[in-house]
Amino acid sequence: MSQNEPVIPKENSFLAEIVQASGETLQVCYQCQKCSAGCPLGDAMDLLPNQVLRHIQYDHREKVLGSKTIWICASCYTCSVRCPNDIDIARIMDTLRHMAIRSGITPGEKDIPVFHSVFLDEIKSRGRIHELSLILKFKSKTRDFLKDTGIGWKMFRLGKIRLLPSTFSGGKEIKEIFNSFEKGKNR
Amino acid sequence: MREVSYYPGCSLHGTAREYDESIQAVASLLHIRLHELENWTCCGASSAHCTDEALALALAARNLAIAERSDRELLVPCVACYHRFKVVEREAKEHPQNRTILYRGNVSIRYALDFFCEGSTLEELKTKLVKPLTGLKAVCYYGCLTVRPPKLTSIEDYENPQHMDRLLEVLGAEVLPWSYKTDCCGASLVVTRTDLVRKLSQRLLSMAREAEADCIVTGCTMCQANLDTRQEGLKRDAGGKFNLPVLYFTELIGLALGHKDVKKWLSRHITDPVRVLRAKGLV
Chain A
0 MSQNEPVIPK ENSFLAEIVQ ASGETLQVCY QCQKCSAGCP LGDAMDLLPN QVLRHIQYDH
60 REKVLGSKTI WICASCYTCS VRCPNDIDIA RIMDTLRHMA IRSGITPGEK DIPVFHSVFL
120 DEIKSRGRIH ELSLILKFKS KTRDFLKDTG IGWKMFRLGK IRLLPSTFSG GKEIKEIFNS
180 FEKGKNR
Chain B
0 MREVSYYPGC SLHGTAREYD ESIQAVASLL HIRLHELENW TCCGASSAHC TDEALALALA
60 ARNLAIAERS DRELLVPCVA CYHRFKVVER EAKEHPQNRT ILYRGNVSIR YALDFFCEGS
120 TLEELKTKLV KPLTGLKAVC YYGCLTVRPP KLTSIEDYEN PQHMDRLLEV LGAEVLPWSY
180 KTDCCGASLV VTRTDLVRKL SQRLLSMARE AEADCIVTGC TMCQANLDTR QEGLKRDAGG
240 KFNLPVLYFT ELIGLALGHK DVKKWLSRHI TDPVRVLRAK GLV
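Protein sequence lines, in the order shown, are assigned to chains A and B. Take the first sequence: its position 133, counting from 1, is numbered 132 in numbering that gives the first Met the number 0, and each next residue is one higher. Take the second sequence: its position 238, counting from 1, is numbered 237 in numbering that gives the first Met the number 0, and each next residue is one higher.
Any given hint could turn out to be false.
[Stated by the list, open to error] With a straight-line cut-off of 30 Å between C-alpha atoms, the simulated DSS-like cross-links for lysine-lysine are:
#, chain 1, residue 1, chain 2, residue 2
1, A, K146, B, K279
2, A, K33, A, K123
3, B, K180, B, K262
4, B, K92, A, K153
5, B, K130, B, K180
6, A, K182, B, K92
7, B, K85, A, K123
8, A, K146, B, K198
9, A, K67, A, K171
10, B, K92, A, K123
11, A, K182, B, K180
Hint data in this document are derived by calculation from the structure and do not stem from the laboratory.
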C-alpha cells in the first residue's frame, strides 16, 4: 500500500459502515481540529466534531450514536468546507443520525429527534408544513405548552401565522414516498 | 417578459410572508413573471435529511420533477429548500441510475439572492432606482447554506461573500464590513434548543451593533425569523434592547424601487423597521 492511500477499514466495523453509507473517507482525518474550532455549536456538544471522527475510527458505536452532538449539529457545513482532507463532516453527521434512529440506542438529545418525526408526520398528512399545526403537535408530544406563547401571539397579530393549512392534491405521491420509506425502515 | 418557475416553500406561506410578497412585487417591477409550481410539496427541509437519505431525496426530487416539465429556470427563495434541491441535483448527475428520484437534473435551480444579484439585474436596478437608500447602514447576513458548501452553491468567496454587498451598494445603502456574514444562527434548533439559538442570535446582534449597523439584511427565512423574533428576550452588553431590524433583501429592493406595498411588508416584522427607516427619510 502506498503511503497516500487511506487505510482500508476492517470488514463489518462501525468505521466501514460509516465510510460505506456516507461515501466519505474519514480514515484520513489527522485530528487537526479545524472542524471543532469553527463549529458554532461546539460548546453545547458532548463530543466535538473531531472527537466524533476519532471515536468512529475506534469503532465506538454506542458512544457516537448515543451522543448529543449528532443532534445538536445544525448542518451549517462550516466544518466540511474547512477540512484540509476534504471530509464532508456535515454529511457524516446525517449518516450518523440515520443510523442512530435505526439502532434503537437512546438519543443523547430528547426533543430534537421528536421534532423531526413530528415534522415528517406533518408532511405525510398534509404535503406541506403548516407551521401552527407543527408547533402544536410538537408541544403536545413534549408537554411544553407555555414556551414561546407570547412570540406566537405577536406573530399571529402580524399576519405571520396561518390558521388553516393550504390545500394540495399531491397526496397519493407523498403517501408512496412515505410507504417506501417505512418499508425500508423495517428491512 | 422573463418567464420563471417559482417554488415558494412552506415558510413563505407563513412566517416569511413578507419575503414572498416582496419577491412577487420586485419580480413584477423587473418584468419577471413567476409561475408557482403546481402542486408543490415540502422539500423535506432539515428533518428529512436528518432521518433518512432516500426519503430526503425523494421528497425534494418530486418538486424538481414537476419543474422539469418546463424549460424555465426555477426560482427558490428559501435556503433550506435550495440546499435540498442542489443535493438532489448532485445525486441525479452522479447516480443517474438511482430509482428513488424521478428527476433527471435538467432544471436550472436559482436561489433568489443569486438570481437578483446577476450583473444584468443590477444594471437594470440602477436605471429603476426611485429612492436610493442613502444613509442606511447595513450589514449583509448571508447565513450558512446560501454559500456553503461551495460544491453545491458554486459561490467561490464563501468565507467572505460579496454579492449581497454589491446589490445593496447599487441600491444606495452603506454596506458595513463585519466578520459574521456566514455564521450560523442555529436554524431549526429554535424550536427544540431555544437556549442555543438565543446564544447565537445574541452574538450576531451584538456584532452587528458593534459594526454600527442600522439593520441586518438577509435572504434566509430561518435567519430572519431567529434574529427578528428573539430580540425581545435579549439584552445588549451595554444594557437596553437591540432594536435592530432584520430585513429581507427583496424588501429593500422594493423600497428603493418605490413599490407601493413596502409598508405592508414592513408591518409584519416583530422588531419594527419603520422607525429606523423613517429617521433616514426612507419611508
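Tested hints:
A distance of roughly 36 Å separates the Cα atoms of K146 (chain A) and K279 (chain B); the hinted pair therefore is violated under the 30 Å criterion. The hinted pair formed by K33 (chain A) and K123 (chain A) fails the criterion: a straight-line CA distance of about 39 Å is larger than 30 Å. A threshold of 30 Å between alpha carbons decides the hint, and for K180 (chain B) with K262 (chain B) the separation of about 27 Å falls inside it, so the pair holds. For the given pair, K92 (chain B) sits about 45 Å from K153 (chain A) by alpha-carbon distance, which is inconsistent with the 30 Å threshold.
A distance of roughly 26 Å separates the Cα atoms of K130 (chain B) and K180 (chain B); the hinted pair therefore holds under the 30 Å criterion. A distance of roughly 26 Å separates the Cα atoms of K182 (chain A) and K92 (chain B); the hinted pair therefore holds under the 30 Å criterion. With a C-alpha separation of about 22 Å, the suggested pair K85 (chain B) and K123 (chain A) falls inside the 30 Å cut-off, and the hint holds. Restraint check: the Cα-Cα separation between K146 (chain A) and K198 (chain B) comes to about 17 Å, which is no more than 30 Å; the hinted pair holds.
A threshold of 30 Å between alpha carbons decides the hint, and for K67 (chain A) with K171 (chain A) the separation of about 36 Å lies outside it, so the pair is violated. In summary, the hint linking K92 (chain B) to K123 (chain A) is supported, as the alpha carbons are separated by about 27 Å, within the 30 Å threshold. Between K182 (chain A) and K180 (chain B) the alpha-carbon distance is near 42 Å, which puts this suggested pair outside the 30 Å criterion.
Checked against the numbered hints given earlier, the structure breaks hints 1, 2, 4, 9, 11 and satisfies all the rest.
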